[in-house]
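Asker: The primary structure of each chain is shown beneath.
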Amino acid sequence: MSDSNTWSWLFDGANWRNTYGQTGIATQLANHVEYSAIALGIAVAIGLPLGLVIGHTCRAAFLVSVVNGVRALPSIGLLVLFYVILAPHFHGRGNGVFLIPTEIVLILLAIPPILANTYAGVQNVGDAARDAARGMGMTGGQVLWKVEFPNALPLIFSGFRSATLQVISTATVAAYVGLGGLGRFVYDGLASHDFPQVVSGAILVAVLALVADLALALVQRYATSRGVTGRFARTRGAATPGAVDGAVEQLEVATT
Amino acid sequence: MILADTLTASDSSPLQLFSYFSHHRHQVLSWTWSHAWLSVVPVVVGLAVSLPLGWIARRYKWTYPPMVSLTGLLYTIPSIALFVILPRLLGTQILDPINVVIALAIYTVALMVRVVADGLGAVPEDVAQAATAMGYTTVGRLVKVDLPIALPVIAAGLRVATVSNVSMVAVAATVGVPELGQLFTNGFQLSAGSPYYPPIALGIVLCVVLALVLDALIVLLNRLLTPWRRAAGAR
Chain A
1 MSDSNTWSWL FDGANWRNTY GQTGIATQLA NHVEYSAIAL GIAVAIGLPL GLVIGHTCRA
61 AFLVSVVNGV RALPSIGLLV LFYVILAPHF HGRGNGVFLI PTEIVLILLA IPPILANTYA
121 GVQNVGDAAR DAARGMGMTG GQVLWKVEFP NALPLIFSGF RSATLQVIST ATVAAYVGLG
181 GLGRFVYDGL ASHDFPQVVS GAILVAVLAL VADLALALVQ RYATSRGVTG RFARTRGAAT
241 PGAVDGAVEQ LEVATT
Chain B
1 MILADTLTAS DSSPLQLFSY FSHHRHQVLS WTWSHAWLSV VPVVVGLAVS LPLGWIARRY
61 KWTYPPMVSL TGLLYTIPSI ALFVILPRLL GTQILDPINV VIALAIYTVA LMVRVVADGL
121 GAVPEDVAQA ATAMGYTTVG RLVKVDLPIA LPVIAAGLRV ATVSNVSMVA VAATVGVPEL
181 GQLFTNGFQL SAGSPYYPPI ALGIVLCVVL ALVLDALIVL LNRLLTPWRR AAGAR
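Those sequence lines, one after another, are chains A and B.
Sequential numbering from 1 applies to the first sequence in the working numbering.
Sequential numbering from 1 applies to the second sequence in the working numbering.
Treat the hints as calculated values from the structure; they're not laboratory data.
For each residue, glycine too, the CB sits at the ideal point set by N, CA and C.
Check the hints yourself; a few may be wrong.
[Said to hold, decoys possible] Between beta-carbon pairs, the in silico distance windows are:
no., chain 1, residue 1, chain 2, residue 2, range
1, A, Gly96, B, Thr226, 30 to 38 angstroms
2, A, Gly227, B, Val127, 26 to 34 angstroms
3, B, Leu73, A, Gln22, 27 to 35 angstroms
4, B, Thr226, A, Gly13, 55 to 63 angstroms
5, A, Phe11, B, Leu73, 20 to 28 angstroms
Chain B on its own, in the form it takes in the complex (with noise of 0.2 angstroms):
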């Protein structure tokens, strides 16, 4: 009953999304555009600061169980916690999107030192040795070796993080941040006095579309880079 009230209301039907997407056309597009620049950039300073420390974890076994707690802690802090904490933390405005920014790659590193540190440890025993016997030092084996064996593990997981951060970013909407999640923010105002849809369904068909678009990009790209998984024809 539920459902068919909302179908039938005609001007804030969900399926007015849209006719309100025409008509907020260039909004529209900016925030999806920066909700999307959001989502990529802390995944890619994330990742570039959990491969040095996936592989210190890995190379020094010690240091595998602190590093993946502490990291792990990192995990436990909700996201807007740390959108309200860290504009104190760093001297930042409250709306200034470095902060989401920050908060993701935070994120991003929390899950990744863990994934790239088993990612390297999923290298077989004889590959590696094979590698040293053949002459690869240790930075060339890393680069040459593990690393492209250890890609789909890493692609696994930067699917993981980039899929959760184009949820989390929308939350940084309610403290103010311009992006996708503004439509959420703005179909809540819009429906104080009767409930108003589409910006609400537009809102989350384009944040499952961006997560899905992103995460095609990741399955694609590990593709492209790890030609032999098809070649031995094992998937």
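Next up, chain A with everything else stripped away, as it sits in the complex (with noise of 0.2 angstroms):
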């Protein structure tokens, strides 16, 4: 029950392997960031463009009380009711019975924060560039695409990192109701009192968080204008009236 045997589970090549009885680390990490690249992937391609056309043509702002609502459900709730509603339609093995009712909650959540930035950070870029960007000549699309979501970048990555995290953390929780995953080590190591193996489950899935969104700040940083990133740095200085306002808002959207 020491720590030793924490670190001797973990780093034990046999753990790592697939044996007969059970699946082994590499598996199950290569399953966890499989779920949850598809349902990241869905997202992006519904949130996106409609937070994309949205935000371009100002309609529909309910959409940020919307995020506040999701974030309400207790995404474990969702999990096995999605489960209970959709395992009974399954027949046959395989993984689909714990699969899908899974993807369907991830997309679920990953959406209204991927929505709302992508929304908010359109929303915020400034009427000066805009109007500029029109007196140049140009259409609608090429606004959105040559200077609306450029300056949206840095908002749009804020959401789809929180978006990350949210269903990395939630993959884990989906092995409660059966899913592979880097959560099947932390439960079935609950199940078996092997405590060895439930905090090395725990270990590798904050470590699989950790690199995802370092790897995402990086992408981040390389991806964005370095006029837009100065942009940011600049209403970081002095504040001005209705700082707090602005603040606010900006705290409603981003810190979901």
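Reassemble the complex: the two chains are provided individually, in unrelated frames, and hints are given to aid placement.
Answerer: So this is what it looks like as structure tokens:
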């Protein structure tokens, strides 16, 4: 029960390979990444274009409150609910019975931060920049693609990063209803009172989340135009009257 | 079709959540109470820690980037991981609710240090200078001028922290901590043969209601504490 047991469990090569009775760490890590990537890919495919269009056309500002509403939904409750609804409709063996309810919940959780931050990012683009682009003769689509999207990129990334963290975290809990992934070690270990296994699973998930976030931060750094990041540095300087309202609004969107 | 199935099945319909509640009232109310407690205490503790840290990050500007990125890293740790790692670090039992309190307090700090620093940063420079000119000391200005002005920002951060806590507390039921999440684990176990919705539906409804009530309390408190914002007729 000492910590050396956790480290020896974690670094035992036998635990990384698949054996007859148990799926190893390497495979479960790949599963975890796969489940998360599927959900994030679909969520981006839905949330990003929707947020860009809604932000560009300035409609549907109620989206921000929808995000707050979704945050109030207990993710574990949704997981159990969707599993219980869908499970009887699956026949035969296979992973689908666990995977499909989980993916639905993960996508539902990932869309709101991506959608709302994309919307807010486009909305935050200064009128001067937008008018200048129009004055140069850009069409609506060009303004969106060449001006609004690059300027919105930092907020879009922050939405995508919080969606990623939430998806990785909830995919772990999905092991409770029976899905594979790193959560398996946490729940299987709890069931068999194998605490080194529990803690190892938890450490692996935490490291995966950390690496994913750092990788995205790196991508963000090189994907975002330098002119745009400079804009953010300036707003953090001297405060002006009305800065409190601005900070509240930014917070309600950005920290999903 | 799936929805029709669930609504017509008599006993296991989600709409039976009311009768489920009345049959298990004592148990459910005690879970609701501990759920509320587990959601609120970490926010209070977390705020108490983040106020000085946020102030430092604002006062000594070079501490802002490292402080915000370090606390931001804490935010990346999934809640279920913290729930099972903390007992090992603290020497507590895995079922001890204190693990949940500490885990969620860590998330609150991770979010609120940045919020407090940004909130204090949103105090207009002319106001700060006027307060200094009127003779406020550093601490006096902080308590009587800076914090009240930053309050709406801090309240917005607390709303985010509290509402996500309600959802994260429910996850702790999967490792056995007694709160509303037990309705989900019970519902999951009772659905082994055929779907049994009442506890699951009841759990989701109670979690959302709890989150909305706590959220409304913070909004109300913020309104009461910042009367000048209404007097100004701004909003």
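Asker: All the hints need checking, so say for each whether the structure fits it.
Answerer: Hint check:
For Gly96 of chain A paired with Thr226 of chain B, a C-beta distance near 52 angstroms fails the hint of 30 to 38 angstroms. Between Gly227 of chain A and Val127 of chain B the Cβ separation comes to about 31 angstroms, which falls inside the hinted range of 26 to 34 angstroms. Under the hint 27 to 35 angstroms, the C-beta atoms of Leu73 of chain B and Gln22 of chain A, about 31 angstroms apart, fit the expected range. A C-beta distance of roughly 59 angstroms is found between Thr226 of chain B and Gly13 of chain A, which places it inside the suggested range of 55 to 63 angstroms.
Taking the beta carbon of each, Phe11 of chain A and Leu73 of chain B are about 23 angstroms apart, inside 20 to 28 angstroms as hinted.
Hint compliance for this structure: hint 1 alone is broken.
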